[in-house]
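> Chains as they are written, first to last, in UniProt numbering: chain R, 1 to 405; chain E, 1 to 405.
Keep in mind that the hints are not guaranteed to be accurate.
Copies of the same chain look alike in the list, so a pair counts if it fits in one copy or across any two.
What the hints assert, rightly or not - With a straight-line cut-off of 27 Å between C-alpha atoms, the simulated BS3-like cross-links for lysine-lysine are: (1) Lys-380 - Lys-396; (2) Lys-72 - Lys-395; (3) Lys-219 - Lys-395; (4) Lys-269 - Lys-378; (5) Lys-378 - Lys-82; (6) Lys-267 - Lys-378; (7) Lys-251 - Lys-310; (8) Lys-269 - Lys-370; (9) Lys-258 - Lys-83; (10) Lys-72 - Lys-258.
Honestly, the hints are just simulated from the structure, not real lab data.
2 protein chains.
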Amino acid sequence: MAVFTYRIAMLPIRCSSSNSTNSHSHDPNQQNLHKIKINGSASAMMPLKVDLPSSLTITSVAPVVENLSLTKEQTRQNIPTKKQYIDPHRQGLIVEEGVGYRQTVVIRSYEVGPDKTATLEIILCLLQETALNHVWLSGLLSNGFGATHGMVRNNLIWVVSKLQVQVDQYPIWGEVVEIDTWVGASGKNGMRRDWLVRSQATGQVFARATSTWVMMNEKTRRLSKMPEEVRAEIAPWFIEKQAIKEEVPEKIAKLDDKARYVVTNLKPKRSDLDMNQHVNNVKYVRWMLETLPDQFFENHQLSGITLEYKRECGSSDIVESLCEPDEEEGIINTGLKQNNDKSLFNGFSLPSEIMEGNGFLSSLEKTPLKYTHLLVAKGKTQSEEIVRGKTIWKKKLLTTMPFSP
Amino acid sequence: MAVFTYRIAMLPIRCSSSNSTNSHSHDPNQQNLHKIKINGSASAMMPLKVDLPSSLTITSVAPVVENLSLTKEQTRQNIPTKKQYIDPHRQGLIVEEGVGYRQTVVIRSYEVGPDKTATLEIILCLLQETALNHVWLSGLLSNGFGATHGMVRNNLIWVVSKLQVQVDQYPIWGEVVEIDTWVGASGKNGMRRDWLVRSQATGQVFARATSTWVMMNEKTRRLSKMPEEVRAEIAPWFIEKQAIKEEVPEKIAKLDDKARYVVTNLKPKRSDLDMNQHVNNVKYVRWMLETLPDQFFENHQLSGITLEYKRECGSSDIVESLCEPDEEEGIINTGLKQNNDKSLFNGFSLPSEIMEGNGFLSSLEKTPLKYTHLLVAKGKTQSEEIVRGKTIWKKKLLTTMPFSP
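Bound conformation, chain R alone:
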């Protein structure tokens, strides 16, 4: 393990004194960004120690793209063609002996809910973002949604088959968060991607996540083995570490129309589609959670979610969201005897105060409540599963509501 002191380009922040823009001029050359223009890539350098494996040769940090025969769009995107170690714009860098990725993000004002804590949706978005930025910095990213050059040559795209997220605590507005992500092997033809979300200030772990990915032929829509060409690209990035301890995976039951909560006729909107023209992952979760009554969210916080993906959801699908509480699971977890009152473990039908016995009450309040979910695409003749889900909840405590009135 070698440790270098390496000079990197600073944030390309420009400081100008005044009149930096003119409301009439659309020509950037006519903008008066002239006085004290500090473009860090030229002058503002600083020493930063980067931890690199001794076997690796550092490629140049800037310019990140070889400026030959690039389209205008490629220039605007500036996707690196070689491995980079630091991305000052995304506040990302390569860690973990040169194969992991770490990015610092600030929870933005529009990424939090009414209680000023980040939503699960935004955590999922940030997982996607850091995964793509990891590939971005690796120099392997082709012009697609995380596909490598070798994958594009083989008409392959990534397909997620499973995602599991555990949230211990939600970050709050303005909080600085560090997200680590890395990849590993999953069987012979799959890839595992894990994440760890931490407080930048204290190192406290907010969330852990793991996912498994396989490759699909973009044209035949069939799953594919991992070609050797692609394995050669990504296998050097594989590490063993796991964010979530591997347990015997809990099977997610398939719900049917008899589920307690059913919302029908969900139609993807334009704004729900991602770059792959598919309904985004985050929308799946929103559809799943919106089956639960609002009141439930006031008293409960999502502490875990597992998603098993079955099929793509396109813009023309009509979706049904089913949800069923796993009452017995909650009871078994606390070692309490079974109770047949269905509403009891639902968490919102009865206020906890009316339950007898302090021990019972306090045990119950700590009980993670579980729900099983299913999204199906309703066809004329049959329905097709899109994604099965399991959510785990905990009672909100006052201390988890930092901005309560």
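Following the hints, position chain E against chain R.
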């Protein structure tokens, strides 16, 4: 005008070699972030020239918060209590003779639509975010949604009365964007806030925006004069510059139920509420735009939007979204004679190819199409206006679709 070379704390990036986390340990102290730990606030410093007015005294940059009697949440948020000049986490800094704010952001993977360009919604989100970060860095931010300490002492909150955004070009996935924002006086008791969104690489202006704000008493819900205490806080930040040339403001007509497009029974969801427990601005725009047929969006790009806010929208409101094309406006703008075919200027009812005359066709294709919008809260006895809107559109050209198949 003085120019300082000033040492600031670098991005607090930590580099560790391996095993930086253990899936079983939730104690941050037990994480093995031990090997090469570079916390910039201590060791990684770099010189950066910051342009400051000579009359200003620099307050310390780090630590940004005086660490006395802070709640846990205040420590996590770390809102500055004194004016700061640089925010390395948000990639923001004070410009414009010490009163403007500039932030560098990268367009994220989940902030773009299927065509890989940023959505209008995300541009509006970034305007909100940079405005709040401007107040954040100013040292004036109290524990609220942009309210200063003086405002909180007077039970005042900000209320936006008008927002106008012009988008020349939408940034694309991965593009680095610089957003400038600054404030000015608006009449005796109001404030104007402007923004300029530029390509970081070329300086090309992507978007301009302006808004006007007044103060409301949080308890009485009545508009308020600006107290001298508050004026003393914010007036030193006022500058004259305007992002959008002030024209005689176009009056936005009030639509009624006879509007061409009407979507009824819109209900705010939990995820639509912001920190003020109100439906977020972005949701307003989505409700407005969703009245237009999907096909329209395939061929048209929003180039401008003006919003006139009339009343808050809360979680219990049932909303109706009305929309009417301004056909005649389109004709007048191009100097063409009026045409009574209502469908012609609608932009999606007829393909442009069937229109006669090359000159006419090319003029029409460049014609900004305009729509008038209205959101109303439907009450039992009467409806109340929430926001009036005007949108301006242009035909999509191939060059504006960088990722078309």
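> Hints first: check each against the structure and report whether it holds.
Tested hints:
no.: 1; hint: Lys-380 - Lys-396; verdict: neither (42 Å within a copy, 35 Å between copies)
no.: 2; hint: Lys-72 - Lys-395; verdict: between (51 Å within a copy, 21 Å between copies)
no.: 3; hint: Lys-219 - Lys-395; verdict: neither (46 Å within a copy, 31 Å between copies)
no.: 4; hint: Lys-269 - Lys-378; verdict: both (16 Å within a copy, 24 Å between copies)
no.: 5; hint: Lys-378 - Lys-82; verdict: neither (45 Å within a copy, 57 Å between copies)
no.: 6; hint: Lys-267 - Lys-378; verdict: both (11 Å within a copy, 24 Å between copies)
no.: 7; hint: Lys-251 - Lys-310; verdict: within (14 Å within a copy, 51 Å between copies)
no.: 8; hint: Lys-269 - Lys-370; verdict: between (29 Å within a copy, 22 Å between copies)
no.: 9; hint: Lys-258 - Lys-83; verdict: neither (52 Å within a copy, 59 Å between copies)
no.: 10; hint: Lys-72 - Lys-258; verdict: neither (54 Å within a copy, 45 Å between copies)
Figure legend: structure checked against the earlier numbered hints; hints not met, in rising order: 1, 3, 5, 9, 10.
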